[in-house]
Amino acid sequence: MFIKTTDKSRRRILKYTVCGFFLGIFGLPTMRHTNDPNILAANPDALSLLPDSMREIGKEYLNSYPEERSRKVLVNSIQSRLNVMKNLTNEPSWADMKELITDDFQTDQVVYVKGWVLSRTEARLAALYIV
Amino acid sequence: MFIDARKTDLKEIKSDICIVGAGPAGITLALELAKDNINICLLESGGFELETNTQSLYKGEITGPPLSPLDSSRLRYFGGTSGHWGGACWPLDEHVFEKREWIPHSGWPFSRKELDPYYTKAQVMCEVGPYNYEANYWSDEGDQPELPFVNSRLATRLYQNSPPTRFGTRYREDIDKAENITAVLYANLTEIDRDNINQTIRQVTATTLEGKSIPVTARNFIIATGGMENPRILLLNNIGNQNDLVGRFFMEHIGLPTSTLLIPKHIDTLLYNSTSINGTPIRAGLSLRPEVLEQEKILNTWVGFHLERTPESRLANSWDAIKTAVGNGDIPDNFRAHIKTMLKSMGNILDGKFDGNDDENEYISVPLGQASEQSPNPLSRVRLGDQLDELGQRRIQVDWRLTKFDYRSIKRSLEITAAEFGKSNLGRMKLLSPDDANGWGEPDRISKTGRPRGAFHHMGTTRMHNDPKHGVVDENCKVHGTKNLYIAGSSVFPTCGYNNPTLTIVALAYRLADHLRSPLTQTTA
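One line per chain: the protein sequences are A and B, in this order. One rule links them: number in our numbering = place in the first sequence (from 1) + 2. One rule links them: number in our numbering = place in the second sequence (from 1) + 727.
Accuracy of the hints is not assured; some may be wrong.
Here are the simulated SDA-like cross-link-like pairs (lysine to any residue), alpha carbons at most 25 Å apart as the crow flies [said to hold, decoys possible]: (1) B:K1157 x A:E62; (2) A:K100 x B:I994; (3) B:K1131 x A:D110; (4) A:K116 x B:G1096; (5) B:K1138 x A:Y131; (6) B:K1157 x A:Q111; (7) B:K1157 x A:K88; (8) A:K88 x A:D105; (9) B:K1157 x A:G117; (10) B:K1024 x A:T109; (11) A:K61 x B:L989; (12) B:K738 x B:T944; (13) A:K88 x B:F1132; (14) A:K88 x B:S1151; (15) B:K738 x A:Y114; (16) B:K1157 x A:Q108; (17) A:K61 x B:K1131; (18) A:K116 x B:T944; (19) A:K100 x B:V1093; (20) B:K1138 x A:V113; (21) B:K1138 x A:W96; (22) A:K116 x B:K904; (23) B:K741 x B:D1241; (24) A:K88 x B:V877; (25) B:K1138 x A:A97; (26) B:K1157 x A:N65; (27) B:K992 x A:K61; (28) A:K100 x A:N78; (29) A:K116 x B:D1241; (30) A:K116 x B:K738; (31) B:K904 x B:T944; (32) B:K992 x A:K88.
Rather than coming from a laboratory, the hints here were simulated on the basis of the structure.
Here chain A stands alone, though its shape is the one from the complex:
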């Protein structure tokens, strides 16, 4: 099942990015102590405060995988992986996303972006910021 690439669905996936492990690493000066996804989801403009490293990773990922340079393709790719993994019929929870990221590492779905060894899902989430 493919989700529509509406702003709402994009925002939900992006919400998981912001409060997720990956962004926790690179950190957001304004968001370091905020993990409440509802707060973040309610303030999408805050995403513009993302550090350059996140954008750089997204950019480098798309340079390596230009065929994914589309919001629709990226979101559908993530969703289809989730569907395969969990046979989801509703929208994914953050726990689902974390499980997908772990599964990426277990199944060698890793990518090398600016030297970082990342889950492909993480890299796609980063790419979503710049498409």
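Could you slot chain B onto chain A? The hints should help.
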């Protein structure tokens, strides 16, 4: 007793066993064999201190990728290169001794199990703790957990730290007191006199820099001069090289600028810091499990963390030192310093706990280092050059060669390590890529900044194999084609693992001593 070859009146020396080289192998052999009430002659090129003119004999050429200068990585005096040894001690992993089908020229002529009793003795000689390298043992003893990997391809592997033992200082008095050891200083081996018909060594000649020569006769001779000098001596005397193997298969432990790890701050990494447990300094790191190496068909790499010494680790180490000493009825060295460290560390820890900064999402950035196994490569070699030293003998040329297989193994090991951190949600790794300024060069085009570096571990150049077509020495370290010439040291290693070689060098010395004292050996010689 000690004799200065420059000053002695001795015209010749007769002994049961002549050992050339007073480094860790030579000193171990001398002290062990002396227990049998036989006469030992221990020849050493240098004196008790480093001297420029003697050290100069170690100069040579590096014709391949850069290595540390040959007269810097080796020390030529009583005690040998243990004079600047870092102290890391661990046995070679069991699989290193096995024939690994994906690694040409791999396999030792005996298993690790056979060497275990000698490793136990080597632990004492190197002044380290119990012969136990199981991570879970130390983790339990020190209540310092291993990283909580889930179903991981990685294993925690650790080494123990010797003080480090400076063999020349630590065992000088023992050598001096042994009535049946004659240690001859300033004595350079310049000639080996061989009876080609009987394949026996009749005598060797020891020569001072001033030109004075002393013949030494013995029933058995052991060359223990290090991974570069051992093959040099054989090549200079045209011994053991009937199959053009002497000097080949030169191996080092490969170090490269590697990676960075981002790990959550709340993960306990104390075991992976330089820590002390029950008075034994240890340091843990990560390597791939043997079954993973077989599946991936690669060599192994050990990844260590360059962790900051946190207040917690300082407190733990000082407390361990005090606890261990008091448990033995002693007061520890630097007792006041330890108390001061503990008080300061406790203060720092308390400050950290009450500053409100306990966000579990904080991460620390940890530089990682690695030590990697090199594959045995016949093109990587030590040979004689055209330059002559002060004794008129040809210096060596070292051509250290790495292969794409070596690089691929390192890269794949690090990729797997990084994936395991991700899989277990323990962090993310950044690997230097070949494109980075400090990255890896191709084996035949090493950049100055991206070059691999060795670890002063010179191995493999008189490798062990029972078939003379594949080795210079047999499983008892006897040089093929001779009946009474042996080699001691890391030059006999057929493969090298990633483990620092000193403990294995000393273990093999004990094993050789056992062989030499067997009645059959004595009859044959």
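Pair hint K100 of chain A and N78 of chain A, alpha-carbon separation not exceeding 25 Å: 17 Å, holds
Taken at face value, is the distance from the CA of V113 of chain A to the CA of K1138 of chain B at most 25 Å? Measuring from Cα to Cα gives roughly 14 Å; hence the hint holds.
Satisfaction of hint between Y114 of chain A and K738 of chain B, Cα-Cα up to 25 Å: 69 Å, violated
Agreement of K992 of chain B and K61 of chain A with the hint, judged by alpha carbon distance not exceeding 25 Å: 28 Å, violated
Measure nothing beyond the straight line between the CA atoms of K1157 of chain B and N65 of chain A; if it is 25 Å or shorter, mark the hint as holding. Given pair K1157 of chain B, N65 of chain A holds - Cα atoms ~18 Å apart, limit 25 Å.
Going straight from one Cα to the other, do K992 of chain B and K88 of chain A come out at no more than 25 Å? 31 Å, violated
For the pair supplied as a hint, K1157 of chain B and Q111 of chain A, is the alpha-carbon distance within the 25 Å limit? OK: K1157 of chain B and Q111 of chain A at ~16 Å, within 25 Å.
Pairwise hint evaluation, Y131 of chain A against K1138 of chain B, where the allowed Cα distance is 25 Å at most: Violated, at about 30 Å.
Mind checking the alpha carbons of K1138 of chain B and W96 of chain A for me, to see if they're no more than 25 Å apart? 32 Å, violated
Given hint A97 of chain A paired with K1138 of chain B - CA-CA distance at most 25 Å: Given that 25 Å is the threshold and the Cα spacing comes to 31 Å, the pair is violated.
Does the structure keep K1131 of chain B and D110 of chain A at a Cα separation of 25 Å or less? Holds. K1131 of chain B to D110 of chain A sits at ~23 Å (cutoff 25 Å).
Distance restraint between K116 of chain A and D1241 of chain B, which requires alpha-carbon spacing of 25 Å or less: 55 Å, violated
Hint check: violations occur at hints 5, 7, 13, 15, 17, 18, 21, 22, 25, 27, 29, 30, 32; the rest are consistent with the structure.
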